[in-house]
Amino acid sequence: MSDAISARTAIQFREAVASGETSARAVVETTLKRIAAVNPMVGAFTDVIAERSRARADARDARRARGEAPGPLEGVPFAVKNLFDVKGQPTRAGSIINRERAPAGADATLVRRLEEAGAICVGALNMGEYAYDFTGENAHDGPSRNPHDLTRMSGGSSGGSGSAVAAGLVPLTLGSDTNGSIRVPASLCGVFGLKPTYGRLSRAGTFPFVSSLDHLGPLALSVADLALSYDAMQGPDAADAAQAARAPEPVFGKLSEGVAGLRIARLGGFFAKGGEDAAFAAVDRVAEALDVSKIVEFPEAERARAAAYLITMVEGAALHRDRLRERRHDFDPDVRDRLLAGALLPGVLVDKAQKFRAWFRLQALKLFENVDILLAPATPCRAPLIGQKTMVLAGEEMLVRPNLGLFAQPISFIGLPVVTTPVWTAGEKLPIGVQVIAAPWREDFALRVAHALERDGVVSARVANLKGAA
Amino acid sequence: MSDFDADDLNAINALIDGMAPLVGLTVDEASRPVVVMHLRTAVRLGRLVLDFPLVDELEHAPVYTP
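Those sequence lines, one after another, are chains S and F.
FYI, in this note's numbering the residues of the first sequence are 810 to 1279.
FYI, in this note's numbering the residues of the second sequence are 25 to 90.
Note that these hints are calculated values from the structure, not bench results.
Even glycine gets a Cβ: it sits at the ideal position worked out from N, Cα and C.
It is possible that some hints are incorrect.
[Claimed, not checked] Which chain F residues face chain S? A few, computed with CB under 10 Å, are given here:
| hint | residue |
| --- | --- |
| 1 | L33 |
| 2 | I40 |
| 3 | V60 |
| 4 | A66 |
| 5 | L69 |
| 6 | G70 |
| 7 | D75 |
Please build the complete structure, drawing on both the sequences and the hints.
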């Protein structure tokens, strides 16, 4: 493998292995070497499963040697947020408490499906404790750092998932997104992220946060990588009660259809204020490239964010109530105190919030009668400094941890599919993301638009140039 | 929501003192200021949600199919 391995996309890895240019084993060895050299700088990985990944690579190489056709992700190294079960590893979910659990007895469904497609899991990734986080910091394992500026946040809670891709450790990772936890790190780290429709991908074998809102999805160096991995992960799974009964709807083959025939608008109102200029300039850039001038409003988006916030507080607190009783000193204090507050809230709040969710969904469906794609900022600002507790947005000082996802939260509240696309500005080393949002079950529309933007050079993922890296 | 005013720290502190033991939790003095802060946020956001008129017949979305 060449020195440029760190910038290879998943598809380029696949082509190199499938063509015989290299072997899956060689890819894994090079990947493990790079992780060993770079991870101490970025803190993306918490677990490296070297022996397992070598064994899987050898098995893939043996299959091809027998004449079996390569899989769609043949030899592609990937890693998963450490709330995914990886057989033989304790699923720590960013916590001290959970790592005392017995090792997982089986892989999460999505890990298994990626490996069935030929990909090779090389480890598990850092995350905010119990996913209640937008910073990428972790009180127990240290922060996952932004590879484009190591003093900056990766974004959370799938911080390691963003950092690992942007550092060129692996071309593909999996994360979870309850209120923005794929989209925030994708925005801050400058990689692509897909949060599919709620209920699309199985969550079986992952540690939950807020079941009403939890989604899983990929982060990658290219839109094609998102689509290819997404296609490999689709399909029914009775083990996830919230998964919708839908047959797989592959997208990869549709990417070249581009934006033809799609009605695109940008979101105004709530999504056009309360952030730094950079967030709105990024949307300007994408809108201009798509020749979009139409602005539409999501009615009551601020209320939607409020409702998602309350559901998260209460469901999260209910999930962790026993641990708050018995192990409260083992929590990250920032997480514990948010959970404690949630445990004290009256039920009327979350009941009304769930009813409001149904109302807001109907407004969204009406909006999508006249538009196919909505554009909005992914985060209100570029990556804050690690350790930074507050920020000032639109003249108002607020906490970083709960507010980095303020533009992401109303969208996931009703489960809309989103591709986060990274925008770079000349002279500015940090990226910022734009959400490309589609109607329920139209991941194909969002991925087609993101692919066209990437093809035209409007958005791109970048691997950081880390001095001293192998 | 007049009985649960965001500015009424006494009400929030009473909520902590009354509810925490009922759900078997302890809010120690080190945590209390942060818990109060989060509850103030929740009250402000809760007012947004509670004040919005919805028809009685509207279903919840606990397990949600878009």
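Comparing the hints with the structure gives:
no.: 1; hint: L33; verdict: violated, 14 Å
no.: 2; hint: I40; verdict: holds, 6 Å
no.: 3; hint: V60; verdict: holds, 8 Å
no.: 4; hint: A66; verdict: holds, 6 Å
no.: 5; hint: L69; verdict: holds, 4 Å
no.: 6; hint: G70; verdict: holds, 5 Å
no.: 7; hint: D75; verdict: holds, 9 Å
In this structure, the one hint that does not hold is number 1.
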